[in-house]
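Protein chains: 2
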Amino acid sequence: MKNFWTNYPEIAYELEIVKNIIKDNIKSSEKYFKESIFELVDAGGKMLRPGLLLIASRFGNYDKEKMYNLAAAIELMHSATLIHDDIIDEARFRRGIETIQSKLGKEYAVYTGDFLFCQCFIMLSKFNYSMDNLREISAAISQICKGEIRQYNLRYSLDTGIKNYLKIISGKTAALFAISLYTGAWESQCDEKTSKLLGRIGYHVGMAFQIIDDILDFTGDTLRLGKKTHTDIIKGYYTLPIIYAIKEDKEGKIKDILENNIIEEKEIQELIKLVNQFKGIEKSRKLADKYTEKAFRSIEELPECKAKKILKEITHELLSRNY
Amino acid sequence: MKNFWTNYPEIAYELEIVKNIIKDNIKSSEKYFKESIFELVDAGGKMLRPGLLLIASRFGNYDKEKMYNLAAAIELMHSATLIHDDIIDEARFRRGIETIQSKLGKEYAVYTGDFLFCQCFIMLSKFNYSMDNLREISAAISQICKGEIRQYNLRYSLDTGIKNYLKIISGKTAALFAISLYTGAWESQCDEKTSKLLGRIGYHVGMAFQIIDDILDFTGDTLRLGKKTHTDIIKGYYTLPIIYAIKEDKEGKIKDILENNIIEEKEIQELIKLVNQFKGIEKSRKLADKYTEKAFRSIEELPECKAKKILKEITHELLSRNY
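Respectively, the protein sequence lines represent chains A and B.
Everything in the first sequence is counted per this note's numbering, starting at 136 for the first residue and increasing by one.
Everything in the second sequence is counted per this note's numbering, starting at 136 for the first residue and increasing by one.
In isolation and in its complexed conformation, chain A is listed as follows (with noise of 0.2 Å):
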């Protein structure tokens, strides 16, 4: 994969800083482990959260090593949580490699995700970081499993509903992305309204990044995007380009299909046809479009900087792939 920060050579390689902290937290332990989470390390992934907590920093008076460590345990963090959603998926393959869970087993998946957490706590101790930081930290972390049980719930629910997708996908991405944006910044003495402001900031972009990546699901092209897609409909996560079809589709065509319990490649594409057709994508990217503006808004606010033309291009490269 094509690394995203190539156009940030200094956060690129910060971000190299910040793998290394994440390989000497976890070097002691047991071998397995260590092989199967450098492996995961090393495949990358676009390291949005740690990238981003880094530009936050930049807004105030940026203490490296402080910061580089915190980034490090934000990024395992999301590494444990995406390792226990393999074992929900029963995922054969992330970013590229052979998940843990398909790899090792179940077993040794839950267990090396409870480790990944551990140390990330560990980490989060090393430093003077504030005890409110620490709470809201694992407070996001809480929203993500409570967003993923609440998904888990609605699994085949033909009445989701977009009140419930967004506390979805507010939970399960949003949570993450703004606590990543808000801890840089209150980490580096920024006042309270810019760390608020890039909380928010971090809140509207995991949005906007989350529906992006739910109608690239249904839109995308399997090979440019790196992984399978349609995988949520068959996994039965019915999401917003669903929802806001199925609202249009007074016949409930979509609905007889998806209470079929067989999903195959021609149910695919002909419910890809009637998402279409009934609007789902369409406003779907609508509700994008809205996350990403008001995004950009609260951008605008910022105090102008370095950073703040960063974040921009950022945001802007982020919720503009092809969808």
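I should point out that these hints are in silico values taken from the structure, not numbers from a laboratory.
From the three backbone atoms N, C-alpha and C, an ideal C-beta is built for every residue, glycine too.
Each hint can be trusted.
Output of the computed footprint for chain B on chain A, the stretches with three or more beta carbons under 8 Å from beta carbons of chain B:
hint, stretch
1, 218-226
2, 238-249
3, 256-267
4, 280-290
Following the hints, position chain B against chain A.
Here is chain B on its own, set in the frame of chain A:
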């Protein structure tokens, strides 16, 4: 189950407060979460770790509210690890009630455990505990994960050996006993010497406790124990009695049975006979006694006070179960 703390009404009462704090900290969560965790909390268990913590607190300046919250966090953390253990063991019952993994599915159990971990850390960031302690607590949980993984890796291994066995139980049991007594003392302004001494006592008690538990899996009575026996052998966890017996069993009779994949009641009875014959139980009891003696010797070093008397009695009750 008879309340383990009946003879210590003050602590029994405080542990009820601790239970309520646990409930308060999860009551805002999703319905199913809440119900299943409430059920687990109400089903009880001995609440050894918070109980020991509250005893340790009495060696210093006992700030009740702060210590109750800490005790609740430790118990919640223990519950989180149990919920995840039940996934691995595919356990159907725990404390006489159906496990979360059995009732609501493994997926649910993964997120419930994660959610509890987060709630713990939220609780730990509520009071002004020392960062050092947060790190120690995180490290103890990390030890549990490592212990569990080691145990999982060595399932069905006929060459586990005593050293590995001790590492496993040190991680999965003794670490949390140690940290409960240590943090209880340290957060109550005990001096370093007393805190560390209490930590060591917790470690020895934990080691003896787990060895006894493992012996009881061979010699115990399902009805009296309130849990099924011989489950370790069936799950492929070859604990101390077997490890000792294998060493003496020069003809490899035990290995022959274990290498045979079908372990049914007949084989179990044969195994128990052999484990007794090769002094597996006897030697395990001796090692448990050694840790028990170490615990009592360390207790003697503690300053004289009412808490010391309670600790001695509780340790006696805990480590002289009929085994």
